[in-house]
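Quick note: the sequence shown, position 2, residue 12 per our numbering, numbers continuous.
Bear in mind the hints are in silico, worked out from the structure with no lab data behind them. Hints should not be assumed to be uniformly reliable.
Each pair of labels, with its calculated beta carbon distance range [to be verified]: (1) V138 with L106: 44 to 52 Å; (2) A71 with E103: 21 to 29 Å; (3) E54 with L116: 32 to 40 Å; (4) E54 with R110: 15 to 23 Å; (5) R118 with K12: 12 to 20 Å; (6) D58 with R118: 16 to 24 Å; (7) Q73 with Q117: 17 to 25 Å; (8) L137 with T33: 18 to 26 Å; (9) R76 with Q50: 54 to 62 Å; (10) R118 with V138: 43 to 51 Å; (11) T84 with Q50: 26 to 34 Å; (12) V138 with L81: 24 to 32 Å; (13) D26 with A100: 13 to 21 Å; (14) A98 with Q52: 42 to 50 Å.
As a list, the in silico SDA-like pairs of lysine to any residue whose alpha-carbon atoms are at most 20 Å apart [as the list claims (entries may be wrong)]: (15) K107 with I95; (16) K12 with R30; (17) K107 with G89; (18) K12 with K107; (19) K12 with Q121; (20) K107 with Q92; (21) K12 with S55; (22) K12 with P85; (23) K107 with H70; (24) K107 with V17; (25) K12 with Q92; (26) K107 with A22; (27) K107 with D23; (28) K107 with L53; (29) K107 with D26; (30) K107 with Q32; (31) K107 with I67; (32) K107 with N123; (33) K12 with L24; (34) K107 with R47; (35) K107 with Q80; (36) K107 with R42; (37) K12 with T114; (38) K107 with R18; (39) K12 with Q117; (40) K107 with T57.
Cβ coordinates follow ideal geometry from the N, Cα and C atoms, glycine included.
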Amino acid sequence: MKRLELVRQLLADLLDDYQRFQTIETLLSAQRQAILRFAQPQLESHTDALMQHYRQIHQHAQQRLRGLQQLDLTPDHSGMTQLLIGLAPAAQEHLLKVWRELPTQLQRCQQANRYNQQLLDMQHGLLVECLPEPDATAWLYQP
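Just need the whole structure built from these sequences, with the hints factored in.
Encoded structure:
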């Protein structure tokens, strides 16, 4: 892949990741509502969509590492920043802002995901309390 094509692909992936994190945040909120409503079909749908976005972001991260190495830049935050600083000023400002915002987006998504996990853990705990003891004959709703 030529240098210009590689840079364009890295920038397109960066912008795609930015949009995906926004979508993930929305999906995590919808997932939380599905958890609260015990809406299993919606929960599964949101979880499947989240997994697709997570896989794509992971793929972009791997491509970014390889792409930066092919451009003789370090495959890390500073290499990406160096790439962005080398862009024309009009694109540079916007893309640097996007690049700097990604960790904040990631933190918000991680926080929302932890909250959803806490809800699931609480539901699981309640369900376990309602299930029979090891002696299944003591269970009121035994089949």
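Hint check for V138 and R118 - Cβ pair distance inside 43 to 51 Å: Check failed, 31 Å falls outside 43 to 51 Å.
Given pair status - V17, K107, alpha carbons within 20 Å: holds (17 Å)
Agreement of K107 and D26 with the hint, judged by alpha carbon distance not exceeding 20 Å: holds (14 Å)
Range hint compliance [Cβ, T84 to Q50, 26 to 34 Å]: violated (45 Å)
Range hint compliance [Cβ, A98 to Q52, 42 to 50 Å]: For A98 and Q52 the Cβ distance comes to about 44 Å; the hint holds.
Pair hint outcome, K107 versus Q92 [Cα-Cα no greater than 20 Å]: holds (14 Å)
C-beta pair A71, E103: status relative to the range 21 to 29 Å that was hinted: Given about 23 Å between the Cβ atoms, the range holds.
Distance restraint evaluation - D26, A100, Cβ atoms, bounds 13 to 21 Å: Because 20 Å falls inside the window, the suggested range holds.
20 Å Cα cutoff - pair K107, L53: Measuring from Cα to Cα gives roughly 33 Å; hence the hint is violated.
20 Å limit on alpha-carbon distance, applied to hinted pair K107 and N123: violated (24 Å)
Satisfaction of hint between I67 and K107, Cα-Cα up to 20 Å: Roughly 18 Å between the alpha carbons, so the hint for K107 and I67 holds.
Distance restraint between K107 and I95, which requires alpha-carbon spacing of 20 Å or less: Holds, because 11 Å separates the two Cα atoms, which is no more than 20 Å.
Hints 3, 4, 5, 8, 9, 10, 11, 12, 16, 18, 19, 21, 28, 32, 34, 35, 36, 37, 39 and 40 from the list above are not met by this structure, while the remaining hints are.
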